[in-house]
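If you're matching them up, the sequences are chains A and B in order. Each residue of the first sequence is one higher than the last, beginning at 1 in this note's numbering. Each residue of the second sequence is one higher than the last, beginning at 1001 in this note's numbering.
The reader is advised that the hints may include incorrect statements.
What the hints assert, rightly or not - Simulated restraints, written as ranges between beta carbons of each label pair: (1) A:Pro-129 <-> B:Val-1064: 54 to 62 Å; (2) B:Ala-1016 <-> A:Thr-145: 15 to 23 Å; (3) A:His-69 <-> B:Gly-1013: 33 to 41 Å.
Said to hold, decoys possible - Pairs of lysine to aspartate or glutamate, DMTMM-like flavour, derived with a Cα cap of 25 Å: (4) A:Lys-172 <-> B:Asp-1034; (5) A:Lys-161 <-> B:Asp-1034; (6) A:Lys-173 <-> B:Asp-1034; (7) B:Lys-1023 <-> A:Glu-141; (8) A:Lys-62 <-> B:Glu-1138; (9) A:Lys-170 <-> B:Asp-1006; (10) A:Lys-173 <-> B:Asp-1006; (11) A:Lys-161 <-> A:Asp-77; (12) B:Lys-1023 <-> A:Glu-131; (13) A:Lys-172 <-> B:Asp-1014; (14) A:Lys-170 <-> B:Glu-1024; (15) A:Lys-170 <-> B:Asp-1014; (16) A:Lys-161 <-> B:Glu-1009; (17) A:Lys-22 <-> B:Asp-1034; (18) A:Lys-173 <-> B:Glu-1024; (19) A:Lys-22 <-> B:Glu-1024; (20) A:Lys-62 <-> B:Glu-1009; (21) A:Lys-161 <-> B:Asp-1008; (22) A:Lys-62 <-> B:Asp-1150; (23) A:Lys-170 <-> B:Glu-1009; (24) A:Lys-173 <-> B:Glu-1009; (25) A:Lys-84 <-> B:Asp-1014.
To be verified - Okay, the calculated bits of chain A under chain B, using three or more residues with CB under 8 Å as the criterion: (26) 20-30; (27) 47-57; (28) 72-83; (29) 119-132; (30) 139-147; (31) 159-167.
Just so you know, these hints were derived from the structure itself, not from any lab. Beta carbons: idealized from backbone N, C-alpha and C, even for Gly.
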Amino acid sequence: MLMVRYRDGDSDAFSTLYARHKGPLYRYLLRQVRNAGAAADLFQDVWSRLVATRGRYEARAKFATYLFHIAHNCTIDFFRRDLKMRNTARPDDADALSEPEVPEYQRPDGIAEFAEQQSALLAALGALPREQREAFLLHEETGLTIEEIARVTDVGVETAKSRLRYAIRKLKKSLLPAPIPDARPLRTRTI
Amino acid sequence: MEPADDLDEYLRGDSALSRQYRKESAPTPPHALDRRVLGSPRAAHGNPPWLAPLAFAASVLLSVALVLAIVFGPQTAKRVDDAPRLVRVAAHSDTLTNPALDRKHHLYSSDPKSARAPADWLADIAALRRAGRNREAEAELRRFHSTYPDYSTGDLALRPGSRP
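Could you put the whole structure together from the sequences, leaning on the hints where they help?
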């Protein structure tokens, strides 16, 4: 296994692992935090943690579960930091008053970086609760099973299954054609 | 609640939802980010995990060896009469070898002879004689007399093994 080889000192194995998982990991982070800058920071943080903890790696499960468990923890830390920043903002702070409920990563300038929001499906994905979005992304980007998603996100299998079920139900609605606002038949005139 | 069939169909990977998702753009990390991750020294060079404990063990071993050398090393067997000679000559090397500095010292010091007590100086001279360094002893004695012209030394400083 590549991670075992990297753990034992083979740096080429790291390059291969990186090339294989960088896309799914980046999209998972980007679509979770919905801000390119924050996603880039988290992306680097995930790989740094992987490097730092490689000595403790044991090949008990798929490497993706190990990598995305780190990524899950990084995003949890990110959302906690963001929540703490919002909660500790002083009430007399002009910025806090102007945008009291909107976290930094969801402000218009941050979302502007996230150009993907143009598609209906990705817009619906962005509107999902974070846990449901994560379950969907983990399955789509890595092919993890329900059991593996449960392990990565530190929840029970039924919880993971429920999250994924709600996610796909909401997302499927975005695939339906939008109803036509005024569907009255056109009048035809005969001359 | 969504029927179980939809979830099963979705998990098989052939649902319309999955197909649509795969059609969406698939952004990848910028090249600068690739370089930052792959350029990380620890990632690039991949130090083997056994290197850290080995380095730690080597450090401990070196520290223990150093302590043992200090405690049981040859310094403890050093002759007693070597110590004052080495320390005191070094401490006063400026005034002994550089007359300009010596004069300067006399100009700016409130007590010109406080730099070296006569008894200590004579003891050093005696130690030089006992060590067989007679030429240095003679030079030191001449400097002593120039510094303390009125101090009577007799022959205390000249006899090997004598104490002033």
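Hints, verified against the model:
no.	hint	in the structure
1	A:Pro-129 <-> B:Val-1064: 54 to 62 Å	58 Å, holds
2	B:Ala-1016 <-> A:Thr-145: 15 to 23 Å	21 Å, holds
3	A:His-69 <-> B:Gly-1013: 33 to 41 Å	22 Å, violated
4	A:Lys-172 <-> B:Asp-1034	34 Å, violated
5	A:Lys-161 <-> B:Asp-1034	34 Å, violated
6	A:Lys-173 <-> B:Asp-1034	36 Å, violated
7	B:Lys-1023 <-> A:Glu-141	13 Å, holds
8	A:Lys-62 <-> B:Glu-1138	85 Å, violated
9	A:Lys-170 <-> B:Asp-1006	12 Å, holds
10	A:Lys-173 <-> B:Asp-1006	13 Å, holds
11	A:Lys-161 <-> A:Asp-77	24 Å, holds
12	B:Lys-1023 <-> A:Glu-131	23 Å, holds
13	A:Lys-172 <-> B:Asp-1014	14 Å, holds
14	A:Lys-170 <-> B:Glu-1024	17 Å, holds
15	A:Lys-170 <-> B:Asp-1014	18 Å, holds
16	A:Lys-161 <-> B:Glu-1009	13 Å, holds
17	A:Lys-22 <-> B:Asp-1034	9 Å, holds
18	A:Lys-173 <-> B:Glu-1024	17 Å, holds
19	A:Lys-22 <-> B:Glu-1024	17 Å, holds
20	A:Lys-62 <-> B:Glu-1009	23 Å, holds
21	A:Lys-161 <-> B:Asp-1008	11 Å, holds
22	A:Lys-62 <-> B:Asp-1150	94 Å, violated
23	A:Lys-170 <-> B:Glu-1009	16 Å, holds
24	A:Lys-173 <-> B:Glu-1009	16 Å, holds
25	A:Lys-84 <-> B:Asp-1014	41 Å, violated
26	20-30	holds (count 5)
27	47-57	holds (count 6)
28	72-83	violated (count 0)
29	119-132	holds (count 3)
30	139-147	holds (count 5)
31	159-167	holds (count 4)
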